[in-house]
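K.L.:
Residue numbers (the numbering used here), protein chains in the order written: chain P, 1 to 371; chain A, 372 to 753.
Because the hints were derived from the structure by calculation, they are not lab data.
Beta carbons: idealized from backbone N, C-alpha and C, even for Gly.
Any given hint could be a false lead.
Quick look at which bits of chain P chain A covers, simulated, 3 or more residues with Cβ under 8 Å [stated by the list, open to error]:
(1) 26-34
(2) 90-104
(3) 326-339
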Amino acid sequence: MPPTLAETVRPHRLARRLLGSALADALTTPHGVDRYVELVRPAFSLREVRAEVVAVRRPTMRSVTLALRPNANWEGFRAGQFVRLSTEIDGVRHTRCYSPASSAHADGLIELTAHAQPGGVVSPFLRAAARPGIVVSLSQAEGDFALPDARPEQLLLISGGSGVTPVMSMLRTLCHEGHRGRIAFLHYARDEHDVAYARQLAELAAGHANVRLLRGYSQRPAAGELHGRFGGAHVRASGIDPAQALTFVSGPNALVDAVRAAWAEDDLDARLFLERFAPPAPARVEAVAGSVRFARSRREAPASAAPLLDQAEAAGLTPTSGCRMGICHTCSCRKLEGAVRDLRTGEISTAPDELIQICVNAPVGDVTLDI
Amino acid sequence: MTASTSPQLTPEQLDAFGRELDAIRERVLADLGERDAAYIRRIIKAQRGLEASGRGLLQFAFLPPAWLAGTAALSLSKILDNMEIGHNVMHGQYDWMNDPAVNGHAFEWDSACPSEQWRHSHNYMHHTHTNILGKDRDIGYGVLRMSEDQRWHPYYLGNPLYAILLALFFQWGVALHDLEVDRIAEGKSSWREKADMVGAIWRKGRRQALKDYALFPLLAGPGAPLTLAGNLTANAVRNVWAFTIIFCGHFPEGTHEFTEEETEGETRGQWYHRQLLGSANLTGGQLFHVLSGNLSHQIEHHLFPDLPAHRYAELAVEVREICERYGLPYNSGPLHKQFGSVVEKIVKLALPGRGGGGRAPQAAAATSEPPPAPPARERVAA
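Next up, chain A with everything else stripped away, as it sits in the complex (with noise of 0.2 Å):
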């Protein structure tokens, strides 16, 4: 399924390969419409619905069928409401209908992160310099070592259990994750620089904590505990959910890695080579693409991170047809091979040096020899 050599294009095939993508997003905008807003409405229902009855049931906590069920019920609705509904939402992907209930702008998430935040931290700086080391800060969040380029140091022994801590508490890691607390370390960065920033994510992570850990458990009365530990268990499951599809978007064998050089000045059609390159897909049922937000299909999200993210599996086959075309390898797999293979590169990269095999030789051929004179961006000739 992985690619380990990375085929040379020319810039004409570059340019070609990225004017085809830009032929689907094209089609697919200009058919946006009642489909797409009756989707997002739809799970919307299901989420407010799956919260409402999982908090009623959770009511009743000590009716052990009611914990599980009222457990579940929450766990699921907190998984749609921050990937299919907030992520994609907050993409813009759903901006054209123009209703302020799927606002990219204005959409809050059933998340300790506050949104504008996640939309610097995600929507640009991750989306637009995609798995440049250096500058694309998912990759190891600040935390850990997921890349051989990242220096090793000491620290970095303890990448399996930061890994583990990081799954179980994933909305708070998010939180700090825009407040680069690595940096503010290492003296590039200040508290007080970022004192705004520290005060959003206390007023929105301190509404969330009394949500879940204080309100709603309070009101069962009696049972106050267990309706505490459904909600506590439900924020983990959709932690460790949200974890384990995003780690396998960037981070199995096979997903190549860029510097800030090779990446100066790209044109539309390297751009969308280096999205193609740094992504990978799981393949699942239809449930298991919706409850990971499609982020399944990171790939078809890569290029067209506003398009409707149901979208991406019809896309998929088209774009899987350009990649073998133009020889390109799409990095598809099911999730226990796409995770089991990210396990296994925290797991070696605690220990100094390469960390052994996991990683495709060093970037996209086309960028190695950079074209002659790049136009800065396509949108300026168009």
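Next comes chain P alone, as it looks inside the complex (with noise of 0.2 Å):
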């Protein structure tokens, strides 16, 4: 294995030393050294991973794909996993999920595409206002859709739409390392202009003997190989064998379904791994259906019109609460999914990941608060 990020770039060490000593911690207390450092340096942190964004390309109407280059605490990915990126739109910080689509060894830089989604709020600013310069956090890598150490000696890597990120990083990754086997690539989109990569498929495709690119595009089929929806003729067409290979399918939930069906029909579950790119569902006003989890002390309980505190509290658990009215704030916590109304605006709230007041917030729908 190539040398991990956090092994190659090291600059500025003995600074770093000295920032992270325990005296630099007790004159900086109760701030801490991050919060004086990053106002000269905006991507440096003892221990979170920040990244600045380096380059910036629109490569169709509606993707945007940056270069971020991260900062000595990232410690790298596995082809295949994703990050969650956080950036700060209207004074809000905003956070997704995004996978790397670039080699997982590439130069130090991770490579990011976003596809703006209609009624998106963070691709859409992505797609607009990204510029070289700007600062985001980010997570370590994440997730069990990854190659597997041991590369497999066949791959079938299947793509539907914006799903064609992680896909990518596989791909751009074994090529990288001059791997021999077989590999088929199924890619499905609307044409090819709807999603990032077409040509950088293209291009591994013609340079790598071992890559099979088989396209298939819904709204022009002729400039495709594949036709119509995925189904067995396609992958015979691929002239992989789904017993013998690994496969990786990474796209709308159509796609994923489809694929999942036809493995299981064939007892291949095993060899099977799914990423779903799914747009998140809209919320329901109407109806309190669903459940609300709490993920911390793995609880869950079905949702009621009630205040979140008022079923924490009638699950058993004991969240810090104060005023109960929505001024003291003592009861914020983090919602991790779901969405959530105010029950003194009426105002619905969807976003991931964002703190709010369970006194005062009641679910719609599924909720996964972090109690």
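Please dock the two separately framed chains into a single complex, following the hints provided.
P.N.:
Following this line, the structure appears as structure tokens:
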């Protein structure tokens, strides 16, 4: 394995040692070193992963590709994994998941591509406003949808629409490693200009004899090699035997479900890895169907129209709380996902990973709280 | 400026009053954004800059101009840190930004008081039960006699002395506040019960003292005593300033107190009404407002404790207009006048009896005749 980023990038090691020392911590208490240094170097942090945008491309009408230079805390990623990227829009920090599309061995940079969805917030913002020099926060890479360290002999990669990014990373990583095994890539999109990486895929396929690229364009069938929706014929055309290969599929629910059903039929579930690229479900106002999950205490209860604080207490939990009328913020906690309604304003919020006051918010459908 | 009589508002009028204030609140919440984020970041940047330059200058504390400038910069830094940043961030005023750096639950301030305890004693106890004698522990901080309804005891002869000591060591007073030492002394609580709290105060206080009174002075080498003197002065300046502003919030002449009975089952409108009558504003320039953490707009702060404080000046215009329409008092005056009346109260209440003059007639008129079966809390109805 090539060395990870943390081993290759060692800028200002002495300065880092000093800033990370117990003395520096004691001198900057209670705020800590980061809160001072970040004012002059926004990408610096002793522990958090932050990255500077160093290049921006807009490959299609709705996509934007960012080259990110992460700080020294980044531990690298396995091809196929995702990161949570946080950026600020009109004063509010938003977090979304993106899969790097670059090779896991690329030169210290992470390449992310965002496809703007109608009604989305972060991707359209990045499409419109990202520019070199801005700094974003990242998580370490996460997720099990990743190439195993023992590279499989045969691989079938299937992508639908904007789901191309993690499988693109797998293909690039394998080509970068000089992988000799056979790889087939089934790529589905509306047309060749809909999602990013059409050109890069074609170049990789042309440059590597072991890579076979088959494209299916729903709006321009003549431009691709595949016709109609995914099916057994497409798998046969790929020349890969699913019983011998590992298959990675990444795309919208319909595609992922179709592949899963086909593999299940042949009892090949263990050879299939899935990643769903589905737009978030719209909030429903009327019904309070669904359940409230309390992630940290691992409890779950059917949702009701009552404030989440009451529901947490009814579930036997004792979250800290104070005024119970939205004044003191003692009960504020992180909502990991789901939609909630502010009982004071009626406003509905669907953003993942946001701070809410549980005494004045009620669930709208499934909600997961970090309690 | 202050009203000596409480106007009579009907329950319907109080509801309408509450709805008008709710409307302001909702409008501001919907408008929160880049402007507020940029403001608090600018203040944070200024504070960190002042702190770095103050600490830097105090490394050369043997030069009198460096000592003076360094101490001034560090004092300002601590004032900004505690008031416009710490107090307001810990109210959750910037929670909507989703940024861990300004998250009300995570923030720690440059003060001996652990922020966790402050959030309880201040955000919850004081802001929910503002000026309710027996519930709001900010009335006298368990040390002073600030209301004639606090029973006199010879101990209170020392009222002015205790006030001076509290002002000088305010950060430690605030640190000990949530311990409720007076209740421990009365046997209503015990040290054993408060062991975790004592531990937290000890850990936070020790780190603060280590930084200000040992590490930075030692780094200055032979100039250590002068650096130490600078740091002590900066802490004292911040203490006296914070004490002055905070005591002007609820104790000037004309502010009202309430009993537990009359605030039982309050409606939203009555809650707003109590916050208004229990608070007093300070007039002054823009810099004064920033350095007071906008607590100079104490009325607006108590009506809207979780709206970004830099907006209070704008909101004050509307709040004042609403109060005029409802014939409600709006207690506001310059620092010397408001603080003067606080000092007068501290001195007078050292003596037994009602301490003369300084109190408005008992409580809010609206609560003297409780409305029939008030709705428990508006959030239930919303």
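K.L.:
Confirm or reject each hint.
P.N.:
Against the structure, the hints:
no.: 1; hint: 26-34; in the structure: holds (count 5)
no.: 2; hint: 90-104; in the structure: holds (count 6)
no.: 3; hint: 326-339; in the structure: holds (count 6)
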